[in-house]
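The residues making up each chain are set out below.
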Amino acid sequence: MNPSNETELAGVVKAAASKGRRLRIRGGGTRSRLGRPVEADEILSTTGLTGISLYEPGALTIVAAAGTPLAEIKATLNAEGQRLPFEPMDHRGLLGSEGEPTIGSVVACNISGPRRIQAGACRDSLIGVRFVDGQGTVLKNGGRVMKNVTGYDLVKLMAGSYGTLGVLTEVAFKVLPKPEACGVVLIQGLDDRAAVKAMSAAVGSPYDVTGAAHLPVGVDGDPVTMIRVEGFEASVTYRGGKLRDLLASYGDISIESDPAKTEAGWAHVRDVAPFHDREGDVWRVSVKPSDGPDLIGAMRDAGQSADVIYDWSGGLIWVLTPEGTDIRPHCPAGHATLIRASEETKNRLPVFQPQVEVLERISRDLREKFDPKNILNPGLMG
Amino acid sequence: MEMPVPNQDIITKKQHLVRRFQAVLPDEAVIHEIAETLAYECDALTAYRCPPLVAVLPGTTEEVSAVLKICHEEGVPVVPRGAGTSLAGGSLPTADSVILGVSRMSDVLETDYENRFIRVQTGRTNLSVTGAVEEHSFFYAPDPSSQLACAIAGNIAMNSGGAHCLKYGVTTNNLLGVTMVMMDGEIVEIGGAHLDAGGLDLLGVICGSEGQLGIVTEATLRILRKPEAARPILMGFDSNEVAGACVSDIIKAGILPVAIEFMDRPCIRATDDFCGAGYPDVEALLIVEVEGSDQEIADQLGRITEIAEKHNPAELRVSKSDEESAKIWAGRKAAFGAMGKINDYMCLDGTIPVNELPYVLRRIGELSKQYGLDVANVFHAGDGNMHPLILFDANKPGDLETCEEMGAEILKVCVEVGGCLTGEHGVGVEKRDLMLHQYNADDLEAQLKIKDAFDPAWLLNPAKVFPLKISESRRAA
Numbered sequence: 001m002n003p004s005n006e007t008e009l010a011g012v013v014k015a016a017a018s019k020g021r022r023l024r025i026r027g028g029g030t031r032s033r034l035g036r037p038v039e040a041d042e043i044l045s046t047t048g049l050t051g052i053s054l055y056e057p058g059a060l061t062i063v064a065a066a067g068t069p070l071a072e073i074k075a076t077l078n079a080e081g082q083r084l085p086f087e088p089m090d091h092r093g094l095l096g097s098e099g100e101p102t103i104g105s106v107v108a109c110n111i112s113g114p115r116r117i118q119a120g121a122c123r124d125s126l127i128g129v130r131f132v133d134g135q136g137t138v139l140k141n142g143g144r145v146m147k148n149v150t151g152y153d154l155v156k157l158m159a160g161s162y163g164t165l166g167v168l169t170e171v172a173f174k175v176l177p178k179p180e181a182c183g184v185v186l187i188q189g190l191d192d193r194a195a196v197k198a199m200s201a202a203v204g205s206p207y208d209v210t211g212a213a214h215l216p217v218g219v220d221g222d223p224v225t226m227i228r229v230e231g232f233e234a235s236v237t238y239r240g241g242k243l244r245d246l247l248a249s250y251g252d253i254s255i256e257s258d259p260a261k262t263e264a265g266w267a268h269v270r271d272v273a274p275f276h277d278r279e280g281d282v283w284r285v286s287v288k289p290s291d292g293p294d295l296i297g298a299m300r301d302a303g304q305s306a307d308v309i310y311d312w313s314g315g316l317i318w319v320l321t322p323e324g325t326d327i328r329p330h331c332p333a334g335h336a337t338l339i340r341a342s343e344e345t346k347n348r349l350p351v352f353q354p355q356v357e358v359l360e361r362i363s364r365d366l367r368e369k370f371d372p373k374n375i376l377n378p379g380l381m382g
Numbered sequence: 383m384e385m386p387v388p389n390q391d392i393i394t395k396k397q398h399l400v401r402r403f404q405a406v407l408p409d410e411a412v413i414h415e416i417a418e419t420l421a422y423e424c425d426a427l428t429a430y431r432c433p434p435l436v437a438v439l440p441g442t443t444e445e446v447s448a449v450l451k452i453c454h455e456e457g458v459p460v461v462p463r464g465a466g467t468s469l470a471g472g473s474l475p476t477a478d479s480v481i482l483g484v485s486r487m488s489d490v491l492e493t494d495y496e497n498r499f500i501r502v503q504t505g506r507t508n509l510s511v512t513g514a515v516e517e518h519s520f521f522y523a524p525d526p527s528s529q530l531a532c533a534i535a536g537n538i539a540m541n542s543g544g545a546h547c548l549k550y551g552v553t554t555n556n557l558l559g560v561t562m563v564m565m566d567g568e569i570v571e572i573g574g575a576h577l578d579a580g581g582l583d584l585l586g587v588i589c590g591s592e593g594q595l596g597i598v599t600e601a602t603l604r605i606l607r608k609p610e611a612a613r614p615i616l617m618g619f620d621s622n623e624v625a626g627a628c629v630s631d632i633i634k635a636g637i638l639p640v641a642i643e644f645m646d647r648p649c650i651r652a653t654d655d656f657c658g659a660g661y662p663d664v665e666a667l668l669i670v671e672v673e674g675s676d677q678e679i680a681d682q683l684g685r686i687t688e689i690a691e692k693h694n695p696a697e698l699r700v701s702k703s704d705e706e707s708a709k710i711w712a713g714r715k716a717a718f719g720a721m722g723k724i725n726d727y728m729c730l731d732g733t734i735p736v737n738e739l740p741y742v743l744r745r746i747g748e749l750s751k752q753y754g755l756d757v758a759n760v761f762h763a764g765d766g767n768m769h770p771l772i773l774f775d776a777n778k779p780g781d782l783e784t785c786e787e788m789g790a791e792i793l794k795v796c797v798e799v800g801g802c803l804t805g806e807h808g809v810g811v812e813k814r815d816l817m818l819h820q821y822n823a824d825d826l827e828a829q830l831k832i833k834d835a836f837d838p839a840w841l842l843n844p845a846k847v848f849p850l851k852i853s854e855s856r857r858a859a
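Same order as they appear, the protein sequences are chains A and G.
Here the numbering used here is used: position 110 in the first sequence is 110, and no number is missing along the way.
Converting from the second sequence to the numbering used here requires adding 382 to each position, the first position being numbered 1.
Derived from the structure by calculation, the hints contain no laboratory data.
Incorrect hints may appear among the rest.
Each computed DSSO-like pair below joins lysine-lysine, with the alpha-carbon atoms no more than 27 Å apart [what the hints assert, rightly or not]:
hint: 1; chain 1: G; residue 1: K715; chain 2: G; residue 2: K702
hint: 2; chain 1: G; residue 1: K702; chain 2: G; residue 2: K751
hint: 3; chain 1: G; residue 1: K751; chain 2: G; residue 2: K778
hint: 4; chain 1: A; residue 1: K242; chain 2: G; residue 2: K608
hint: 5; chain 1: A; residue 1: K140; chain 2: G; residue 2: K831
hint: 6; chain 1: A; residue 1: K242; chain 2: A; residue 2: K74
hint: 7; chain 1: A; residue 1: K346; chain 2: A; residue 2: K373
hint: 8; chain 1: A; residue 1: K369; chain 2: G; residue 2: K549
hint: 9; chain 1: A; residue 1: K140; chain 2: G; residue 2: K692
hint: 10; chain 1: G; residue 1: K608; chain 2: A; residue 2: K178
hint: 11; chain 1: G; residue 1: K778; chain 2: G; residue 2: K549
hint: 12; chain 1: G; residue 1: K451; chain 2: A; residue 2: K197
hint: 13; chain 1: G; residue 1: K692; chain 2: A; residue 2: K19
hint: 14; chain 1: G; residue 1: K715; chain 2: A; residue 2: K178
hint: 15; chain 1: A; residue 1: K261; chain 2: A; residue 2: K140
hint: 16; chain 1: G; residue 1: K723; chain 2: G; residue 2: K702
hint: 17; chain 1: G; residue 1: K634; chain 2: G; residue 2: K692
hint: 18; chain 1: A; residue 1: K19; chain 2: A; residue 2: K74
hint: 19; chain 1: G; residue 1: K692; chain 2: A; residue 2: K178
hint: 20; chain 1: A; residue 1: K140; chain 2: A; residue 2: K197
hint: 21; chain 1: G; residue 1: K831; chain 2: A; residue 2: K373
hint: 22; chain 1: A; residue 1: K197; chain 2: G; residue 2: K751
hint: 23; chain 1: G; residue 1: K634; chain 2: A; residue 2: K74
hint: 24; chain 1: G; residue 1: K831; chain 2: A; residue 2: K369
hint: 25; chain 1: G; residue 1: K709; chain 2: G; residue 2: K794
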């Protein structure tokens with residue numbers, strides 16, 4: 001089913017609820033493999049809901065229908081020298097999927113990239129939503145202004161709820177100017193622990209770092225640590241130089257400022273490119289940055305193979321493991337999500353981090369209240 | 383303003399409740415003498431007052447849990463209170479309620495500069511969070527203007543903002559985790575030193591829920607390294623439209639100032655009389671602040687000056703020293719005090735799309751004439767969060783009511799142009815009955831369901847946020 005507007009979509013959900021027909025909600029289909037396997041009777045596509053209904057560059061605000069291709073949003077913002085602040089990942093390479101990512105799926109999965117450490121996550125830029133709950137009721141929360149505390153913040157709740165509380169129909173964002181220049185400080189040859197320390201020193205400096213990642217196996221096979229600054233040209237030169245001085249004791253440092261190269265480098269990290277054509281499961285782990293190397297150390301001590309990419313200054317770890325490995329026993333405080341695995345593994349291991357009983361109960365309650373017939377992506381989040 | 387009729391059965395068992403609280407708290411933490419409960423009869427929305435039945439001041443999360451367990455068993459409403467600086471009546475009690483204040487819980491529990499967070503008890507004041515990390519050149523970004531007095535507990539409850547949120551965001555963007563006590567006394571940890579949620583983003587819902595979902599006793603907050611320096615530029619314009627256009631052009635030019643503050647003529651005059659800031663006598667004044675190294679600041683201010691000059695400013699003053707910066711900010715920071723000196727005032731907090739600024743100011747001017755009350759405007763122009771101050775005389779019968787009516791009309795204008803009722807103060811009791819102008823009944827029902835899931839008996843701060851008629855069946859149950 002592919003309704004062409006919000007009213008039609010609400011009708012479809014209402015009809016499905018009355019018949020108890022379970023719906024698989026789908027935007028461009030590029031992230032369909034995220035979450036637990038869903039058993040559904042029908043696919044409900046949001047690709048019929050398209051178009052940017054409002055864009056005010058002077059107010060840093062954009063509003064679009066959920067099925068609008070992400071590429072269209074990016075191009076529209078780019079034409080005015082602006083961008084989505086949170087640098088959403090493209091999952092096609094990692095999940096081997098095809099299609100056009102939609103802005104709705106970015107929100108439904110709360111997708112953020114390397115700039116999350118400085119500009120916040122998708123949920124932090126999201127300022128308004130419209131959605132249809134599991135009974136076909138059209139609801140709204142937030143709006144089109146960036147400061148809004150009028151009632152509860154369901155905007156945050158909808159971001160990352162994977163369509164299990166409602167089907168997004170419209171999303172509104174605060175956007176930011178796209179900086180004139182970008183510089184990347186590259187440090188060669190650090191081990192994981194030293195890299196996390198270097199990244200921590202960089203993001204704890206006054207130089208407004210917008211990305212800090214470490215690849216133990218860089219493109220040329222050796223470890224490389226990447227620290228990004230963005231802004232006006234003179235400013236990028238200045239802060240790059242300051243960071244080079246600050247990090248001088250860590251190792252060989254160079255600065256890359258070629259736009260094509262810096263963009264490709266961060267896309268490589270953002271899209272987890274090193275794991276694209278590799279066999280195995282992929283986990284996404286959110287930790288206190290200094291805990292990251294311990295997690296990997298514990299896995300290796302236990303004889304488990306683990307390839308790793310550190311983003312978010314070490315706060316986000318992508319781990320490639322042999323099929324079926326459960327990494328949670330080694331995880332410190334934080335949360336681990338199984339991103340890529342076989343259906344069998346996803347049925348055996350919790351895809352999302354299990355929570356304490358009271359939080360599980362509240363989450364279950366909320367799902368029951370927003371989707372009493374359990375027809376929206378049933379079982380996707382467990 | 384209407385509040386629910388107090389439950390006489392609860393009032394009758396006051397002594398019984400006091401004894402139960404005294405069994406789990408030190409004696410001095412249970413405040414029940416009438417003369418003493420008066421201290422908790424209102425917050426910064428002083429127009430409405432009602433002493434609570436009892437006020438309790440627990441010193442630990444476990445004590446908060448013990449108190450809530452008792453209130454849960456006894457069916458007693460609980461009104462959480464941070465420092466009592468709410469402008470929306472967020473911690474206004476009812477006669478049958480227990481005020482639970484976290485002011486005794488103000489410790490720093492952990493600071494971690496490597497991972498850039500601080501964990502504090504939530505009775506700690508906003509400014510003293512920065513105070514705890516300042517010597518390492520770090521700071522906590524959200525800076526509500528009450529930051530000297532307001533507590534982190536209230537900041538989380540109201541999702542407080544401040545002048546610098548265009549760049550740094552509001553509380554919810556800087557809150558990593560909480561320890562929260564549920565109404566039934568269960569203690570739960572949500573989030574932590576890591577980023578984002580592993581399941582549904584419950585932390586995102588708790589922040590800004592006005593103390594209706596649980597009592598947050600500890601918070602993990604993101605701290606940031608201070609920029610090398612900051613410096614403002616002051617600009618005066620002959621019309622609000624031109625000032626608005628200038629703001630828009632600055633943003634479109636790719637410059638992201640940390641703050642863009644706006645004041646209109648009545649506000650400029652009042653503050654200048656009050657503290658001698660030396661402001662020009664213009665229709666609209668902008669203060670724009672940028673950060674970075676001296677060179678970066680000079681570069682940004684140069685670009686801003688160039689843009690401003692295209693709009694024929696009546697005045698343009700770039701700060702060249704810390705002293706000049708302080709002078710530029712002095713009037714803005716004194717604005718509320720200055721207005722308070724002249725008159726009683728009511729401070730509104732609606733947010734509008736920035737491009738609607740000239741229209742909304744014009745409408746406010748018309749309403750001011752219609753109701754016969756003066757208005758001074760001061761607000762965060764970068765994010766559209768307005769603070770119209772309506773001046774009235776509390777001693778003149780009917781003036782408060784006229785002021786409230788006019789305030790409601792201004793907020794309706796904010797909603798009409800695509801904005802909202804409150805940008806950073808919260809709904810509390812003040813804007814409760816206007817919620818149906820922003821949201822329809824279905825939208826509000828969705829929010830009520832959230833409270834149902836966290837606090838099924840509706841005992842936590844029950845008479846706030848939602849129009850009483852809408853929450854009535856749940857509160858009665």
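These are the hints, each one checked on the structure:
1. As the CA atoms of K715 (chain G) and K702 (chain G) are separated by approximately 19 Å, the hinted pair is consistent with the 27 Å bound.
2. Between the alpha carbons of K702 (chain G) and K751 (chain G) the distance comes to roughly 41 Å, so the proposed pair goes past 27 Å and is violated.
3. Only pairs whose Cα atoms come within 27 Å are accepted, and K751 (chain G) paired with K778 (chain G) is accepted, the gap being roughly 18 Å.
4. With a C-alpha separation of about 15 Å, the suggested pairing of K242 (chain A) with K608 (chain G) holds against the 27 Å cut-off.
5. Proximity of K140 (chain A) to K831 (chain G) is assessed by CA-CA distance (about 14 Å); at most 27 Å being required, the pair is judged to hold.
6. For the proposed pair K242 (chain A) and K74 (chain A), the alpha carbon gap of about 32 Å is over 27 Å, so the pair is violated.
7. Between K346 (chain A) and K373 (chain A), the direct Cα distance comes to roughly 24 Å. Compliance with the 27 Å bound is thereby established for this hinted pair.
8. Restraint check: the Cα-Cα separation between K369 (chain A) and K549 (chain G) comes to about 36 Å, which exceeds 27 Å; the hinted pair is violated.
9. Our distance criterion of 27 Å between C-alpha atoms is broken by K140 (chain A) and K692 (chain G), whose separation comes to about 40 Å.
10. A distance of roughly 23 Å separates the Cα atoms of K608 (chain G) and K178 (chain A); the hinted pair therefore holds under the 27 Å criterion.
11. Annotation: proposed proximity of K778 (chain G) to K549 (chain G) is violated, straight-line Cα distance about 42 Å (limit 27 Å).
12. For the hint pairing K451 (chain G) with K197 (chain A), the CA-to-CA distance comes to about 44 Å; that exceeds 27 Å, so the pair is violated.
13. Under the criterion of a C-alpha separation no larger than 27 Å, the hint pairing K692 (chain G) with K19 (chain A) is inconsistent with the structure, at around 63 Å.
14. Restraint check for K715 (chain G) and K178 (chain A): not satisfied, since their Cα atoms lie roughly 31 Å apart, outside the 27 Å limit.
15. A C-alpha spacing of about 41 Å is found between K261 (chain A) and K140 (chain A), which places the hinted pair above 27 Å, so the restraint is violated.
16. Using a Cα cut-off of 27 Å, the hinted pair K723 (chain G) and K702 (chain G) is violated, with the two alpha carbons roughly 31 Å apart.
17. At roughly 14 Å between alpha-carbon atoms, K634 (chain G) and K692 (chain G) fall within 27 Å of each other, so this suggested pair holds.
18. Using a Cα cut-off of 27 Å, the hinted pair K19 (chain A) and K74 (chain A) is violated, with the two alpha carbons roughly 39 Å apart.
19. Distance check on the hinted pair: K692 (chain G) and K178 (chain A) sit about 23 Å apart at the alpha-carbon level, within 27 Å; holds.
20. Distance check on the hinted pair: K140 (chain A) and K197 (chain A) sit about 43 Å apart at the alpha-carbon level, beyond 27 Å; violated.
21. Our distance criterion of 27 Å between C-alpha atoms is met by K831 (chain G) and K373 (chain A), whose separation comes to about 16 Å.
22. Proximity of K197 (chain A) to K751 (chain G) is assessed by CA-CA distance (about 61 Å); at most 27 Å being required, the pair is judged violated.
23. A threshold of 27 Å between alpha carbons decides the hint, and for K634 (chain G) with K74 (chain A) the separation of about 16 Å falls inside it, so the pair holds.
24. Proximity of K831 (chain G) to K369 (chain A) is assessed by CA-CA distance (about 7 Å); at most 27 Å being required, the pair is judged to hold.
25. Between the alpha carbons of K709 (chain G) and K794 (chain G) the distance comes to roughly 35 Å, so the proposed pair goes past 27 Å and is violated.
In summary, the numbered hints that this structure violates are 2, 6, 8, 9, 11, 12, 13, 14, 15, 16, 18, 20, 22, 25.
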